[in-house]
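The task is simple: from the sequences and hints, build the whole structure.
Below, each chain spelled out in residue letters.
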Amino acid sequence: MKLLCNTLHYRSEVIRLNNYTLRNTKKTGEKKKEKSKITLLEYSEKDFQEKKLQAGDDYLAFKDSPNVVWINIDGIQQAEVIEKIGSSFGLHHLIIEDILNTGHRPKMEDFCEFVYVTLKVLSFDSSNRIVSEQISLVLGQHYVLSFQEREAEIFNPVKDRIRNGLGRLRSTGADYLFYALLDLIVDNYFTVLEKLGEKIEILEEKLVTNPTPATLKSIQELRTGMLFLFKSVWPLREIINGLGRGNCALIKESTGIYLRDVYDHTIQVIDTVETYREVITGMLDIYLSSINNRISEVMKVLTMIATIFIPLTFIVGVYGMNFKYMPELESRWGYPVIWLIMIAIGVLMGFYFKKKKWL
Amino acid sequence: MKLLCNTLHYRSEVIRLNNYTLRNTKKTGEKKKEKSKITLLEYSEKDFQEKKLQAGDDYLAFKDSPNVVWINIDGIQQAEVIEKIGSSFGLHHLIIEDILNTGHRPKMEDFCEFVYVTLKVLSFDSSNRIVSEQISLVLGQHYVLSFQEREAEIFNPVKDRIRNGLGRLRSTGADYLFYALLDLIVDNYFTVLEKLGEKIEILEEKLVTNPTPATLKSIQELRTGMLFLFKSVWPLREIINGLGRGNCALIKESTGIYLRDVYDHTIQVIDTVETYREVITGMLDIYLSSINNRISEVMKVLTMIATIFIPLTFIVGVYGMNFKYMPELESRWGYPVIWLIMIAIGVLMGFYFKKKKWL
Amino acid sequence: MKLLCNTLHYRSEVIRLNNYTLRNTKKTGEKKKEKSKITLLEYSEKDFQEKKLQAGDDYLAFKDSPNVVWINIDGIQQAEVIEKIGSSFGLHHLIIEDILNTGHRPKMEDFCEFVYVTLKVLSFDSSNRIVSEQISLVLGQHYVLSFQEREAEIFNPVKDRIRNGLGRLRSTGADYLFYALLDLIVDNYFTVLEKLGEKIEILEEKLVTNPTPATLKSIQELRTGMLFLFKSVWPLREIINGLGRGNCALIKESTGIYLRDVYDHTIQVIDTVETYREVITGMLDIYLSSINNRISEVMKVLTMIATIFIPLTFIVGVYGMNFKYMPELESRWGYPVIWLIMIAIGVLMGFYFKKKKWL
Amino acid sequence: MKLLCNTLHYRSEVIRLNNYTLRNTKKTGEKKKEKSKITLLEYSEKDFQEKKLQAGDDYLAFKDSPNVVWINIDGIQQAEVIEKIGSSFGLHHLIIEDILNTGHRPKMEDFCEFVYVTLKVLSFDSSNRIVSEQISLVLGQHYVLSFQEREAEIFNPVKDRIRNGLGRLRSTGADYLFYALLDLIVDNYFTVLEKLGEKIEILEEKLVTNPTPATLKSIQELRTGMLFLFKSVWPLREIINGLGRGNCALIKESTGIYLRDVYDHTIQVIDTVETYREVITGMLDIYLSSINNRISEVMKVLTMIATIFIPLTFIVGVYGMNFKYMPELESRWGYPVIWLIMIAIGVLMGFYFKKKKWL
Amino acid sequence: MKLLCNTLHYRSEVIRLNNYTLRNTKKTGEKKKEKSKITLLEYSEKDFQEKKLQAGDDYLAFKDSPNVVWINIDGIQQAEVIEKIGSSFGLHHLIIEDILNTGHRPKMEDFCEFVYVTLKVLSFDSSNRIVSEQISLVLGQHYVLSFQEREAEIFNPVKDRIRNGLGRLRSTGADYLFYALLDLIVDNYFTVLEKLGEKIEILEEKLVTNPTPATLKSIQELRTGMLFLFKSVWPLREIINGLGRGNCALIKESTGIYLRDVYDHTIQVIDTVETYREVITGMLDIYLSSINNRISEVMKVLTMIATIFIPLTFIVGVYGMNFKYMPELESRWGYPVIWLIMIAIGVLMGFYFKKKKWL
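Those protein sequences? They're chains A, B, C, D and E, same order as listed.
Number 162 in the working numbering belongs to position 152 of the first sequence; there are no gaps in the numbering.
Number 317 in the working numbering belongs to position 307 of the second sequence; there are no gaps in the numbering.
Number 172 in the working numbering belongs to position 162 of the third sequence; there are no gaps in the numbering.
Number 192 in the working numbering belongs to position 182 of the fourth sequence; there are no gaps in the numbering.
Number 333 in the working numbering belongs to position 323 of the fifth sequence; there are no gaps in the numbering.
Don't take every hint at face value.
Copies of the same chain are indistinguishable here, so a pair counts whether it falls within one copy or spans any two.
Here are the computed lysine-lysine pairs in the DSS-like style, where the Cα-Cα straight-line distance is at most 30 Å [claimed, not checked]:
no.	residue 1	residue 2
1	K205	K117
2	K366	K227
3	K61	K45
4	K73	K56
5	K209	K365
6	K367	K209
7	K367	K227
8	K209	K366
9	K205	K227
Worth flagging that the hints you see were computed from the coordinates, not collected in a lab.
Just so it is clear, the structure is predicted and the values come from calculations on it, not from any experiment.
Here is the structure:
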């Protein structure tokens with residue numbers, strides 16, 4: 011439920027798009043308003059510079075730089091900064107609102123002049139629950155803007171490759187950078203899947219050895235988590251497809267094959283999620299049947315005990331009666347004979363249960 | 011079932027579209043016929059006027075006003091008023107019937123000259139059940155008509171924004187007003203979802219602590235409610251899509267992006283509803299297995315008691331027999347030895363249950 | 011199963027389309043062959059005449075009447091009459107066979123010169139089961155033919171409106187009449203739905219108060235009935251859609267909006283049927299869990315009785331033993347102390363059950 | 011499983027298409043290689059001849075006969091015959107392989123010069139299981155070839171109609187003959203459905219009177235059978251659709267309406283199969299709940315017996331104790347009073363069970 | 011879970027496409043790096059040569075050979091060899107990465123100059139679990155490259171046919187060779203299906219004779235395996251479809267019909283997998299109900315024993331009471347009469363159980 015509440019909670023930020031500032035201000039009371047950290051990476055095949063930008067800097071200049079410009083913003087609490095950057099790069103005010111509000115479903119908007127994509131990055135919090143962060147990416151002719159909810163290290167591999175001039179990054183355009191970031195995000199899902207896969211394995215182990223109601227709860231949590239993951243990944247198919255079909259040539263043809271590659275990975279994530287969901291359904295079946303099995307086992311024990319001893323108790327009851335004339339009681343061999351009879355009954359019952367495969 | 015009955019009940023008003031007046035008259039006996047309350051908001055970038063209109067006013071004049079005209083009608087019991095307004099604005103008589111009959115599925119009709127949209131607004135009644143009201147919107151070149159089943163405050167935020175000249179509303183056309191109203195209605199679904207989400211959380215709590223048949227009933231009610239919500243929201247996708255594709259230019263291109271925004275929110279509502287439905291299904295599974303678990307627990311107690319005491323009762327029965335020759339009975343240590351034996355049996359049983367994890 | 015058998019039974023009439031006369035003759039032995047009742051309504055804006063026609067009349071003349079001609083045939087046992095009328099109006103012999111055989115799935119065939127539609131009308135028989143009748147409609151340029159399996163009153167409202175010259179019927183063409191008949195048939199489904207809705211409510215009541223295996227049977231019957239209804243209504247969507255798209259101008263544009271209205275109603279019927287099906291599925295879940303609940307309740311009673319009395323019985327058994335040396339037996343207070351001990355055990359058990367929420 | 015094994019078994023013939031002769035030879039060891047029986051029917055509106063052909067005859071002549079030529083081959087074990095006929099009529103060698111191997115899914119191939127269709131005909135074997143045979147049809151400009159796995163009588167009605175010159179067959183072309191054969195095959199499915207419907211009814215009867223594990227097995231077998239039927243019929247939709255759209259004019263327009271008729275019947279078969287599958291699912295639910303019900307019934311009996319007698323046994327146990335000082339034992343009325351108390355307890359229990367609706 | 015882990019494991023190789031060499035090197039520690047075995051088959055209608063190639067050979071020459079060139083690489087651990095061959099034939103570096111990384115979903119990429127297809131070949135490992143290997147195929151104008159994860163014999167039949175000049179292979183182009191390889195791979199699925207079918211049969215047998223929790227586990231494993239198979243086969247539909255539609259004429263029209271044949275087989279595999287999945291679902295139902303049945307059986311035994319002996323034990327308890335005045339005890343016939351009464355009760359109970367069908 012926590013997950014779902016988050017969804018709603020996110021949304022409650024969204025409810026009135028026109029007064030998000032108010033909302034965010036209110037939230038500031040809860041979380042300390044973190045300052046956005048703005049990093050610029052500007053590079054061409056030969057040049058490369060990296061610097062921290064301030065809220066007050068002039069962003070307009072970057073828009074038309076001949077080099078590839080990547081501005082990464084960590085932390086979106088400072089709405090005024092985001093707004094300033096957004097308007098410098100000519101983003102529609104609805105897009106700026108989308109960046110500021112973190113409850114969005116992954117989506118893509120193609121404005122020809124630039125493409126806007128918003129995605130979810132998933133991770134596990136300290137109590138091992140999935141949490142999601144929103145990442146917004148804007149791709150223009152020569153620039154990429156990336157907005158992260160919190161400072162995170164997900165983009166570090168690409169930063170390193172730019173700094174070191176490794177791979178094709180430095181020699182290609184903004185669209186390849188854009189692809190590289192997308193690729194990192196999709197790779198992130200595989201990491202999450204791997205952890206979920208481990209959880210599934212642990213649960214499977216528990217299911218076999220000692221299924222308890224807590225196991226059921228874990229299975230259900232896993233199911234909800236998987237659903238959450240699915241909802242985050244599913245829209246990606248269309249987004250990446252849409253990027254490939256975009257008719258405004260922001261994505262060059264040579265980058266197309268890389269997008270197709272990311273697309274293949276996305277499909278694979280979706281495939282694996284679907285497989286996991288089926289496996290979890292199977293685990294539910296096993297859990298439910300294991301309860302029934304246990305009932306069946308308990309019943310067998312009860313029935314064996316009762317079936318053996320109730321008749322015997324009846325017999326000893328008979329000879330506990332106080333009738334004056336009970337010839338057996340007088341007999342010298344009455345007592346041992348009764349024992350023999352009772353042992354015989356017990357042994358016969360044993361054979362009966364053997365035959366019924368209860369033992 | 012209440013919900014479903016409403017659906018049918020609504021429909022029964024619809025059954026003969028050609029004699030709805032008759033029907034509505036008949037219903038007047040049941041509910042006091044409320045007078046429709048008609049409000050006019052006329053504005054341009056500079057001017058603004060708001061006034062209450064009467065049934066007898068001349069509506070034809072408003073149709074060709076150079077300003078944006080918004081006529082909001084609260085209460086649709088007075089069929090003759092609706093008909094008068096409808097014919098002044100050139101609405102087809104089937105559309106007028108659709109406005110008057112509240113059992114419709116959300117739909118959109120594009121007449122080029124105007125667009126007709128009917129939607130559901132959901133709320134909770136006093137006994138916490140979802141009830142739905144129909145809202146019909148008509149968008150013309152320069153006017154918007156809105157028909158509400160009852161006087162409601164859902165449109166107040168937009169009214170305030172017009173009155174105060176805040177935001178873009180005053181400087182844009184009727185299509186932006188139309189969008190703003192749609193947006194309010196979709197936001198309404200989020201409020202409903204939030205309440206349903208709380209209900210789900212409360213039920214989850216109950217499921218864990220003390221599941222009763224009443225819990226099951228609540229889960230089922232929630233499921234039906236969710237289905238109802240789903241049926242209200244699902245057609246919206248196509249409606250808003252259709253509005254965007256409309257080829258008669260009632261919706262200007264600049265408003266297109268706002269429609270897309272509403273569309274995204276609709277998708278998000280649908281997504282959340284689907285997630286909730288899966289969660290509810292999971293709750294059903296937990297409920298059912300919790301009953302089985304309880305049976306299993308009860309069985310264990312019974313079996314432990316029986317397994318320990320039935321054999322012991324047999325033993326004491328043995329020494330309650332009245333055979334003449336039972337050497338144990340004569341022995342000085344017979345009684346304490348029997349006690350020792352029985353205690354030993356009890357302790358062994360305890361270990362057995364420990365091993366079986368029943369304790 | 012009755013329903014399904016009907017389907018098959020209908021079909022068995024259809025199996026060899028080429029020798030249906032034979033088949034129908036054979037069936038005559040079973041049901042008395044009823045004479046077809048043929049009614050003509052011919053009208054224009056000013057004129058109106060109604061008369062009963064005979065099998066021997068000349069139907070060719072009606073085909074080219076300048077007025078709107080509606081020929082309604084009640085009862086299709088007289089194959090030769092249907093064939094005569096059919097060939098007078100130029101119907102393909104396969105269409106005539108379709109009219110004569112009542113096992114068809116709803117469908118539409120557009121021959122440009124005329125449109126053929128076959129539909130199901132549902133009603134409840136004396137033992138409250140759904141039965142279906144086939145109605146075939148043929149729309150030509152100026153005429154409508156309607157074939158009903160049995161004499162039925164479903165079309166009476168339209169007949170009355172023509173007779174009295176009420177509404178738009180007299181002033182419009184054959185296509186509007188065709189629409190009016192379709193509309194009556196779709197309205198018929200709402201009536202059936204209303205009854206099914208009542209049945210569902212009654213069953214829900216029973217489910218809560220006293221669920222028996224008979225309740226389960228009723229639920230399953232309802233489910234089958236709903237499936238049957240669904241199969242009757244589902245093809246209507248495409249049929250009405252197809253009528254709207256027909257490119258031979260039999261349906262005038264002005265009638266298009268009315269067809270769209272019927273279409274909306276059809277969608278609403280389908281929607282409601284789907285909702286009902288989900289509700290019925292929920293009822294099944296409640297039923298199944300109520301059985302388990304009952305088992306759980308019974309188990310609790312048994313376990314309480316056993317848990318209290320089995321240990322007590324053991325105790326009294328102990329003092330029923332006949333050992334020579336049992337010091338307690340000699341004691342003056344043995345008997346009352348044992349009673350106190352047993353009462354204490356009983357009370358403790360009571361508290362235990364209270365804690366376990368079994369009481 | 012038998013059914014599935016068949017599927018695989020069929021396939022194992024198919025595995026290497028290039029060495030089917032080998033395979034078939036190997037199979038000859040198992041089944042006696044039956045000689046193919048080849049029948050020719052050649053007719054025009056006026057002429058008609060029928061004769062048995064031999065493997066050695068010259069088939070090339072028939073291809074360009076001015077009359078309609080129908081060659082029916084019963085038995086496909088003699089691969090060399092099929093190959094000879096196939097190459098005479100210019101069939102691609104893959105098609106010949108398809109004819110020879112009986113494990114194919116129904117499919118259609120349009121070669122413009124001729125159309126190839128392969129279908130399944132279902133029947134019940136001696137132990138009442140569904141078995142399927144493959145029928146391949148080839149339609150050319152003036153000829154139809156039909157290949158049956160075994161000699162069967164399914165085409166007899168058409169043969170009779172040709173012989174007797176009844177109906178339209180003699181006056182129409184090869185495409186109408188082709189339709190007539192398809193129609194017979196689809197009619198065959200109705201026969202199978204009818205038998206399955208009877209089986210369902212018998213099982214429903216059993217479910218109500220005396221459900222046993224054998225009933226469950228029958229239900230599952232029926233479900234598998236239905237699946238098998240579904241898989242045989244489902245591809246027919248596209249096949250017949252494809253025939254209608256074929257752009258090489260092998261199917262004349264006048265035959266189009268007949269194909270549409272077969273199409274309607276196919277849809278009806280599919281519809282009925284789907285309905286049956288839902289009914290069978292419902293039967294499973296009833297079966298499962300009937301087991302639970304039985305457990306519930308058994309539990310009630312046990313609990314009643316235990317609840318009445320366990321306390322009574324305790325009471326008699328009390329007065330079986332051997333305490334020296336038990337005043338009740340001395341009393342003259344002790345015994346009858348205890349009886350009264352015990353009877354009172356029994357009667358009260360009776361009322362309790364009545365109230366709980368266990369009796 | 012093993013299967014799923016494999017998926018993840020494979021993927022973990024894929025995670026960073028840009029540093030696969032690193033990864034593979036790391037893996038080398040685990041598995042001994044096997045040398046790739048490269049085989050060349052070059053043939054035309056008349057000529058044929060086969061030789062082993064070395065990593066250092068010049069591959070460029072083969073690209074433009076006038077004959078059909080087939081280079082088969084067994085073992086892809088030697089990344090540098092694959093890279094060399096790949097670049098000689100002008101493969102995009104992403105394709106080379108795809109070949110090297112074995113975690114891919116089956117897919118097809120059409121580069122006009124060549125077509126790249128990657129597929130899974132399934133087999134059973136020593137502990138009878140499904141394992142999958144990746145096979146990559148590249149089809150150029152006159153050449154086919156095939157990359158296998160391990161040395162395997164799957165392509166031997168085609169090699170033999172080329173060597174012996176049997177069939178059409180030698181006289182046709184590279185596209186026919188490509189088809190022949192695809193065909194072998196699809197045939198491989200039938201073999202796997204056959205084995206799975208046998209497993210299903212064995213499990214069905216077990217289900218009937220002695221269902222244990224181990225049976226359930228096997229069913230679930232089978233279900234996961236089937237899912238795995240499904241995921242491997244499903245994408246093949248689109249791949250083969252895509253090959254047929256390819257607009258760069260690599261696949262000649264004459265080969266089209268063969269592709270359609272492979273397509274039909276693929277559909278058949280998918281069909282059978284779906285059937286198996288339904289059968290497995292049915293087995294789950296049978297398993298679950300068999301547990302309930304067993305509970306029901308055990309309950310019956312318990313209830314019969316209890317119902318017969320508890321009342322009898324009560325009776326003997328009555329006459330074990332020590333009341334001074336119990337006239338029955340004094341009577342000469344008390345004891346035998348009590349026996350008669352008890353036998354009568356037992357017999358009556360027997361009849362009761364007979365009537366209830368518990369015996």
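We went through each hint and held it up to the structure:
1. K205 - K117: both (26 Å within a copy, 26 Å between copies)
2. K366 - K227: between (35 Å within a copy, 21 Å between copies)
3. K61 - K45: within (17 Å within a copy, 48 Å between copies)
4. K73 - K56: For K73 and K56, the Cα distance is within 30 Å only inside one copy (20 Å; across copies 36 Å).
5. K209 - K365: Classified as between: cross-chain Cα gap 27 Å, same-chain 41 Å, threshold 30 Å.
6. K367 - K209: between (36 Å within a copy, 24 Å between copies)
7. K367 - K227: between (33 Å within a copy, 20 Å between copies)
8. K209 - K366: Between copies, since 26 Å is at most 30 Å while 39 Å is not.
9. K205 - K227: Answer is both: 18 Å inside a copy and 23 Å across each meet the 30 Å cutoff.
Taken one by one, the earlier hints all hold for this structure without exception.
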